[in-house]
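J.: Chain by chain, the residues run as shown.
There are 2 protein chains.
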Amino acid sequence: MQVKTILLKKSVFENNDRQADLLREKLKQKGVFLVNVMSSPGAGKTTTLINLINRLSPFFKIGVMEADIDSDVDAIKVAEKTGCKSVQLHTDGMCHLDAGMTEQGLNEIGDDLDLIFLENVGNLVCPAEYDTGATMDMMILSVPEGDDKPLKYPLIFQKCNLTLINKIDALPYFNFDVEKCKERIKFRNPNATIIPISAKTGENMDEAVEYFKQRLFNYGGEN
Amino acid sequence: MQVKTILLKKSVFENNDRQADLLREKLKQKGVFLVNVMSSPGAGKTTTLINLINRLSPFFKIGVMEADIDSDVDAIKVAEKTGCKSVQLHTDGMCHLDAGMTEQGLNEIGDDLDLIFLENVGNLVCPAEYDTGATMDMMILSVPEGDDKPLKYPLIFQKCNLTLINKIDALPYFNFDVEKCKERIKFRNPNATIIPISAKTGENMDEAVEYFKQRLFNYGGEN
Numbered sequence: 000m001q002v003k004t005i006l007l008k009k010s011v012f013e014n015n016d017r018q019a020d021l022l023r024e025k026l027k028q029k030g031v032f033l034v035n036v037m038s039s040p041g042a043g044k045t046t047t048l049i050n051l052i053n054r055l056s057p058f059f060k061i062g063v064m065e066a067d068i069d070s071d072v073d074a075i076k077v078a079e080k081t082g083c084k085s086v087q088l089h090t091d092g093m094c095h096l097d098a099g100m101t102e103q104g105l106n107e108i109g110d111d112l113d114l115i116f117l118e119n120v121g122n123l124v125c126p127a128e129y130d131t132g133a134t135m136d137m138m139i140l141s142v143p144e145g146d147d148k149p150l151k152y153p154l155i156f157q158k159c160n161l162t163l164i165n166k167i168d169a170l171p172y173f174n175f176d177v178e179k180c181k182e183r184i185k186f187r188n189p190n191a192t193i194i195p196i197s198a199k200t201g202e203n204m205d206e207a208v209e210y211f212k213q214r215l216f217n218y219g220g221e222n
Numbered sequence: 000m001q002v003k004t005i006l007l008k009k010s011v012f013e014n015n016d017r018q019a020d021l022l023r024e025k026l027k028q029k030g031v032f033l034v035n036v037m038s039s040p041g042a043g044k045t046t047t048l049i050n051l052i053n054r055l056s057p058f059f060k061i062g063v064m065e066a067d068i069d070s071d072v073d074a075i076k077v078a079e080k081t082g083c084k085s086v087q088l089h090t091d092g093m094c095h096l097d098a099g100m101t102e103q104g105l106n107e108i109g110d111d112l113d114l115i116f117l118e119n120v121g122n123l124v125c126p127a128e129y130d131t132g133a134t135m136d137m138m139i140l141s142v143p144e145g146d147d148k149p150l151k152y153p154l155i156f157q158k159c160n161l162t163l164i165n166k167i168d169a170l171p172y173f174n175f176d177v178e179k180c181k182e183r184i185k186f187r188n189p190n191a192t193i194i195p196i197s198a199k200t201g202e203n204m205d206e207a208v209e210y211f212k213q214r215l216f217n218y219g220g221e222n
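So the protein sequences, as listed, match chains A and B.
With numbering that gives the first Met the number 0 as the guide, the letters of the first sequence map in order to residues 0 to 222.
With numbering that gives the first Met the number 0 as the guide, the letters of the second sequence map in order to residues 0 to 222.
To be clear, the hints were calculated from the coordinates, so they are not data collected in a lab.
Note that the structure is predicted; figures quoted are calculated from it, not measured.
Each hint can be trusted.
Copies of one chain are not kept apart here, so a pair can be met inside one copy or by any two copies together.
BS3-like, lysine-lysine: derived pairs with alpha carbons at most 27 Å apart:
1) LYS27 with LYS8
2) LYS27 with LYS60
3) LYS199 with LYS179
4) LYS181 with LYS76
5) LYS8 with LYS158
6) LYS3 with LYS179
7) LYS181 with LYS199
8) LYS158 with LYS9
9) LYS179 with LYS80
Please model the entire structure based on the sequences and the hints provided.
T.: If you want it as structure tokens, here you go:
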């Protein structure tokens with residue numbers, strides 16, 4: 000499986016927020032819905048995306064940009080398992096993506112798509128600090144990480160309007176209180192939609208799929 | 000349980016590497032062995048430390064510095080479960096610790112200790128880029144994160160001479176190849192000591208305890 004790898008250059012824009020707003024506007028005009036996906040390393044971003052894409056691809060034309068410091072295993076895996084357009088972004092040691100870096104990826108993947116997932120670097124801290132220009136930010140928290148994460152990493156929970164709690168198939172094995180975790184997420188962001196899922200078994204994935212369908216069908220009408 | 004929380008100030012030193020070397024030398028002269036503990040969020044740093052400290056405290060005078068962006072749950076937990084001296088460091092949004100920040104913590108915890116664990120911010124990227132001045136760097140990788148992490152986060156595996164593979168009690172539940180993971184770690188750092196453990200069940204903790212005993216007994220003789 001051949002997947003193109005882009006080595007990202009450091010952005011030259013001094014004002015990332017301004018750049019991000021411009022990018023978001025441009026995407027809106029082209030009808031491209033860009034989702035910035037954040038999580039800890041190993042929370043299951045790639046498996047969740049594969050599962051989501053396979054369920055959403057009958058309805059939308061989908062692409063994926065996989066950001067990593069090194070390796071291209073994720074982009075190859077997504078391309079193999081979904082057949083969708085996939086690009087690997089190498090951040091050259093950088094711990095996050097900004098709008099300029101995101102735009103470099105978009106230039107490669109093209110804009111004839113309805114929905115693009117941008118898999119950010121696995122990190123709960125820095126990616127939350129940089130606006131990528133995405134239409135929406137989401138995060139994936141996994142059960143083995145513990146239900147105390149919203150206490151320790153406030154900004155990412157505050158910024159994301161969608162949190163998927165992944166690996167709920169492992170709930171019997173870990174000491175994770177879903178209700179307590181939901182409360183802690185809502186404390187950081189009262190508007191957050193929280194969907195517990197298992198990307199491995201497919202449990203509750205329908206609810207996540209429905210969320211994206213609604214968002215995309217309403218995209219034209221959003222502000 | 001009362002635990003002191005320090006709000007860290009941004010370091011003023013331009014040359015962190017120089018500052019870190021000076022701190023390491025100072026600790027050596029005082030006979031304090033400082034361990035910088037890094038991992039993803041939720042890999043089990045705090046549980047592992049509690050387990051290690053309870054087994055090492057008959058032999059050494061131990062302290063802990065818990066760095067987090069927010070909350071003091073970890074410092075309180077460690078103090079309650081081990082009785083050892085514990086300080087919470089708030090990084091004020093910063094994603095890593097450097098030597099100047101570490102020194103602010105050390106000024107609080109004091110230097111009449113043999114062994115201090117510094118629990119860094121949960122993040123596989125940025126903490127690896129900053130020398131804290133610690134005597135050694137270690138990392139904890141947990142089974143649910145996946146055996147591909149050494150492919151994706153090269154620097155942290157390269158820097159750490161000790162990697163604990165935690166949550167091996169969950170191996171039957173996850174698709175994690177311990178031997179493949181060891182190979183990938185050794186590819187990043189051929190000198191790495193790798194010890195699979197379960198901080199939850201105590202499995203293999205003796206081997207980790209033995210590692211620290213050896214390091215501390217030889218500390219005077221190290222370069």
